[in-house]
Amino acid sequence: MSMRQNIETKIVAELSPEHLEVIDESHMHSVPPGAESHFKLIIVSGMFAGEPLIRRHQRVNSILAAELNGGLHALSLRTLTAEEWQKKGGETVASPPCLGGGKADKET
Amino acid sequence: MNDSPIFEQIRDEISHTDVVLFMKGNPVFPQCGFSAAVVEALTTLGVKFKGVDVLPDPGLRDGIKNFSNWPTIPQLYVKGEFVGGCDIVREMYATGELKELLKNKGVEFAAPSEAAD
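For the record, the sequence lines run as chains A and B. Using this note's numbering, the first residue of the first sequence is number 1, and each one after it goes up by one. Using this note's numbering, the first residue of the second sequence is number 1, and each one after it goes up by one.
Simulated from the structure, these hints should not be mistaken for laboratory data. Where hints are given, some of them may not hold.
Here are a few chain A residues that face chain B, going by a calculated C-beta distance under 10 Å [as the list claims (entries may be wrong)]: (1) V22; (2) H27; (3) H29; (4) A74; (5) L77; (6) T79; (7) S95.
No more than 27 Å apart at the CA atoms, straight line, and that leaves these computed lysine-lysine pairs for BS3-like [stated by the list, open to error]: (8) K65/B with K88/A; (9) K65/B with K40/A; (10) K65/B with K10/A.
The model shown is predicted, which means the values in this text are computed figures rather than measured ones. We treat Cβ as the ideally placed atom computed from N, Cα and C, and that holds for glycine.
Input sequences plus hints: build the corresponding full structure.
So this is what it looks like as structure tokens:
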């Protein structure tokens, strides 16, 4: 299973999102072609209701703990309830460009 | 929590400086877009902060992830408390929550009233 499918399957199973986008942004970073290392997730789920941002992110991080320990290098999260998603008009925030720090990884 | 030397070092760092950013590169030359984004938010607010580069020290790089139970870099600490990573800090900055947090924690910052340009 690809990293993308893996992420999708786990998030759907654990958070039953009303809306889910799994965006592979690996190409924006200094990684080999085809690497599935940098992802952005937009998750709209009722399960986030009443939770502060940090708790929501921790929840997603723990669902994807195995992936983060094996190949998933960066995970950008946008975690919203349906109400918040609607209020924000479904807009997303652009991810920042790579500045080359990953090269330091490979030298070690 | 155990008392590994790395945890000791991190505890020391976050207890002696009000605002600490564990990042890739340094505030002048961030080596990762996510780290740069947090530097930018803090700089715009006029917060004095210390950037700790995790790249030269794999022990620290892994240690901070375990210490915070947070899998990615950057990580922002204010008055010894973990605030979050890039997405959280950027969102808190956009909503004004970050300013509020700094104010509540008694951290000084020079943010003028969102001067344009």
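Going through the hints against the structure:
1. V22: violated, 15 Å
2. H27: violated, 13 Å
3. H29: Because about 8 Å separates H29/A from the closest Cβ in chain B, which is inside the 10 Å limit, the hint holds.
4. A74: With Cβ-Cβ at 6 Å, under 10 Å, it holds.
5. L77: holds, 5 Å
6. T79: It holds, given that the least Cβ distance between T79/A and chain B is near 9 Å, below 10 Å.
7. S95: holds, 7 Å
8. K65/B with K88/A: Given pair K65/B, K88/A is violated - Cα atoms ~31 Å apart, limit 27 Å.
9. K65/B with K40/A: holds, 19 Å
10. K65/B with K10/A: holds, 22 Å
Against the hints set out earlier in the document, violations occur for numbers 1, 2 and 8.
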